[in-house]
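A.B. asks: Going down the list, the protein sequences come from chains Z and R.
Counting in our numbering, the final residue of the first sequence is number 311, and the numbers go up one at a time with none missing.
Counting in our numbering, the final residue of the second sequence is number 311, and the numbers go up one at a time with none missing.
Calculated from the structure, these hints are not laboratory results.
Positions of the beta carbon are idealized from the N, C-alpha and C atoms, including for glycine.
Wrong hints could be hidden among the right ones.
As a list, the in silico DSSO-like pairs of lysine-lysine whose alpha-carbon atoms are at most 30 Å apart [what the hints assert, rightly or not]:
| # | chain 1 | residue 1 | chain 2 | residue 2 |
| --- | --- | --- | --- | --- |
| 1 | R | Lys308 | Z | Lys109 |
| 2 | R | Lys308 | Z | Lys92 |
| 3 | R | Lys211 | R | Lys127 |
| 4 | R | Lys92 | R | Lys66 |
| 5 | R | Lys54 | Z | Lys308 |
| 6 | Z | Lys127 | R | Lys66 |
| 7 | Z | Lys127 | Z | Lys103 |
| 8 | R | Lys54 | Z | Lys103 |
Here are the computed distance ranges between Cβ atoms for each label pair [said to hold, decoys possible]:
| # | chain 1 | residue 1 | chain 2 | residue 2 | range |
| --- | --- | --- | --- | --- | --- |
| 9 | R | Asn209 | Z | Asp51 | 53 to 61 Å |
| 10 | R | Asp300 | Z | Asp51 | 49 to 57 Å |
| 11 | R | Arg230 | Z | Glu62 | 48 to 56 Å |
| 12 | R | Phe263 | Z | Gln208 | 55 to 63 Å |
Number of protein chains: 2
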Amino acid sequence: MAIHNRITELLGIEKPILQAPMGWIARSALASAVSNAGGLGIIETSSGELDNVKREIELMRELTDKPFGVNIAQAFVRDPNIVEFVVANNVKFVTTSAGDPTKYTSALKEAGLTVFHVVPTLSAALKAVDAGVDGLVVEGGEGGGFKNPRDVSTMVLLPLVCSHVNVPVIAAGGITDGASMAAAFALGAEGVQMGTRMVAAAESPVHQNWKNAIVEGAETDTVFLNRFSRPALRALRTERTTRLEHEDSVSMMEFGAVKDLYFGGDLEASIALGGQVMGRITAVEPVATILDRTMREFDDVMRSLHTKYGA
Amino acid sequence: MAIHNRITELLGIEKPILQAPMGWIARSALASAVSNAGGLGIIETSSGELDNVKREIELMRELTDKPFGVNIAQAFVRDPNIVEFVVANNVKFVTTSAGDPTKYTSALKEAGLTVFHVVPTLSAALKAVDAGVDGLVVEGGEGGGFKNPRDVSTMVLLPLVCSHVNVPVIAAGGITDGASMAAAFALGAEGVQMGTRMVAAAESPVHQNWKNAIVEGAETDTVFLNRFSRPALRALRTERTTRLEHEDSVSMMEFGAVKDLYFGGDLEASIALGGQVMGRITAVEPVATILDRTMREFDDVMRSLHTKYGA
């Protein structure tokens, strides 16, 4: 079966599965694998390395002829020319996050781009819709990465937002397979975004130690930091993050030697962002395997529900 | 349509919807309304008031001829005769929670009861299955009440547990309507349990102020207390709980004048337990209205998913 809905049509993709824009990780190797597998790869900007990001976008043109997107992480990209940057690089789809949706939406829309804003609450969702976005990425607090300090789970947030907006919604936070995708669709989503699952994909550029930590970790092995400050974040439990969990405010300096973690594999060198769904990830696999199985499982769940509970 | 699965058959109910056993609240007025509406009402013991509980069980016989259950909240019921107590009161279904599942399961099973254990993690679920329970209540951390300090959301925990056990599973945490019930079923559950939704039901005995706080509250208006101690708990955000949120360890003395809150309506007198799903509850309604609408919505979601995504 194939899925046809507003997300697949708007983004021009076969499978309504997006890869989350993790800093340093969501680059061309991973993103092109997702786009080539029929989903939508997204290039990150939260690393702040715009020159590298530009090169990665150019690489995407070589690695795939399928659609892909770019995330503008507003809290991390201070360059006011970011809109010109994505337009000049012929990007067609942008997600904006960690900032005010009124800041870039109009300019991006006027340039002909499709714009989704990432939201962690209903009030943020309504504000984004007012700003004219084409859709939303609704991000539950169980997910990894930067978060609203008052985290709300996907099971609550997703149907709440979907019952208040008419734009298409992509579910993020806790999504890793066909069952969670089916649940998200039951709650009103028309697409899903996977982060932690993609960090542990074969094509992900992070060190094997990080992937192993995800594969071996339990569902209880994440911490939520900066609950009383901003930005809050969810990360894998390590000695460093277990210590930081007790602090009301965690300085971004605690990210320390990011690349020693990401590419050197020293899990204590920085903060390994990741979601609770790590407890459901049991193997490092190629992106195409993950996406194909997710679609099969989604189909299986649909059939099973209809058989058991169909009218 | 009617639902027929292992939960409806095992519990002898028409609608696979249970009412959570909130202390002082889950008594005969509320529980009989749930059972009479085709779900399963459960009488609480976490108040520790066993004499009152016994009277409530007797009242249930007068108020309904439908099945109902009793929860044994192991951390709060220190009376070793609790098994004799439920057997003598001719109770047929028990959920055990907040304790070791090996403690009561065998004795309850030998007495012919059906036993479900409430679990907040995969390891707890496996331990309960080993102890011989008939099923599980899998409780996501977005729910209200007493919790595991390392909270895991329903979207992650429920499919994780369902993929590891063969016993029937009831989903709790974030469930309030047919969409969330459908999502839970997509994740592998065969029943759901509603807590906060039932606190705000017309038949709930709590003061109108508490119900109003649920109706007016946003999805971000809960706090998670005792994250570094036990028992952790999720409650409505008030001045008291906002202050307690910063403390690593919250004494149970902070519950203060429980009845001034529950029945006097002073939200600052104690801690009003409640889940994030309060942000989705917009009216105080009779139990029968809630259950009937939930079943209709569940049916609508099943039809809609099949129409859009069926093979």
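A.B. asks: Hint by hint, where does the structure go against what was stated? Just the numbers, ascending.
C.D. replies: 3, 5, 6, 8
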